[in-house]
Amino acid sequence: MIPPGFEPYLILFFAAVLPTAFWRVAGVVVGRRISETSAVFEWVRFVATALLAGVVAKLLFDPTGALALVPWYGRFGGAAAALAGFFLGGRRQIVGVLAGEAVLLLSYFVR
Amino acid sequence: MHGPPLDRSAVFRAVMHGVRDAMSLPAPMVAAGLLSIGPLAHAVGYPLAAAVASTLFVWAGPAQVLFFGGIAAGLSPVGIGLAVGLSSVRFLPMVISLLPLLRRPGQSLPELLWLSHFTTVTTWSEGLRRMPAVEPHLRVPYFLGFGHACVLLSAFATGVGYVMTGSSPPPVAAALLFLSPLFFTVSVAAGARGFADAVAIALGFLLQPIALKLIGPELDLLFVGLFGGTAAFLLDRAMRRRAA
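Read top to bottom, the protein sequences are chains A and B. Here our numbering is used: position 55 in the first sequence is 55, and no number is missing along the way. Here our numbering is used: position 29 in the second sequence is 29, and no number is missing along the way.
Quick caveat, the hints were computed from the structure, so don't treat them as lab data. C-beta: ideal position from N, C-alpha, C; glycine also. Among the hints, a few may not be true.
[Said to hold, decoys possible] Partial chain A-side listing against chain B, Cβ under 8 Å, derived:
| no. | residue |
| --- | --- |
| 1 | Pro8 |
| 2 | Gly27 |
| 3 | Gly96 |
| 4 | Val110 |
[Said to hold, decoys possible] Rough simulated footprint, nothing fancy, chain B against chain A, three-plus residues with beta-carbon under 8 Å:
| no. | region |
| --- | --- |
| 5 | 12 to 23 |
| 6 | 33 to 42 |
| 7 | 52 to 64 |
| 8 | 71 to 81 |
| 9 | 97 to 105 |
So that you can see chain A by itself, here it is in the shape it has in the complex (with noise of 0.2 Å):
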């Protein structure tokens, strides 16, 4: 029998925990047998660089919560302000990031 209130965990446990370590330890099993220097690692590590900007782009244009209620040009405004911010501050990230976060309060405040 499952004691009253543990219900969560177990829940949490299955329908989350499980589903998403298995993959990582998929990767640790899998990657055991790639050598760093074949063409499989180097494609594998471009797969991975894709599938970054597709969450990056996941979010911009399928927002959740209160990113939600941000008009769609602050949004996609913001990321392109901290790429310009990053690349125009001397490559640093936390310029970046304060330009984009400017740009999404500005289209949230003036539109």
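Assemble the complex: chain A is given as a structure, and chain B must be docked to it using the hints.
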């Protein structure tokens, strides 16, 4: 154990180096994103400890959003598990490409699995960029310091978000939520090593909305990664052949 015995103070310094690098920007950025998990857990009546546990043990923002969203929508645990599983496929290529930096002779499988748990967008991108400068035998302690700082600060943030549910005005909430995509953006830009990398990034970004339309929100990122990544890889090969 293999190799010369590790100098304990050097290991400690490497851990603290990782913690400092994480706290300098990456950890607060991820933590700000995971602040939003608190209210989601609160909304479905999950206890505070379950919200914090989700950040500690799932350690994947989109998966956590899907999980609590699914509970809120009344989906079955099996359906939620499948959706979460599909959203977490990205960890496979990330772990594979991060692993060589952390591999040491004589390392046990549990140690590698433990290290792999800390893989997320932020630790992958920042780790790939920062770790080559760290001495190989100190990369594991460095990465563990970096990873633990990110996870623990984020777990704390999730707890704070839970307790403060509903108390932040929309622009503040939006600004906090925007920190992680902004940080991902500059982090990817900082890590891009050449033209082919830039192509992978551009394709990944531009293909996502198309993939979303064509194959839906579950498999879109997988398609984007495989298609954009393969195209960039082939371009990289072609360019190197011409240069050689």
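Outcome of the hint check:
no.	hint	verdict
1	Pro8	holds, 5 Å
2	Gly27	holds, 3 Å
3	Gly96	holds, 4 Å
4	Val110	violated, 12 Å
5	12 to 23	holds (count 12)
6	33 to 42	holds (count 5)
7	52 to 64	holds (count 13)
8	71 to 81	holds (count 3)
9	97 to 105	holds (count 5)
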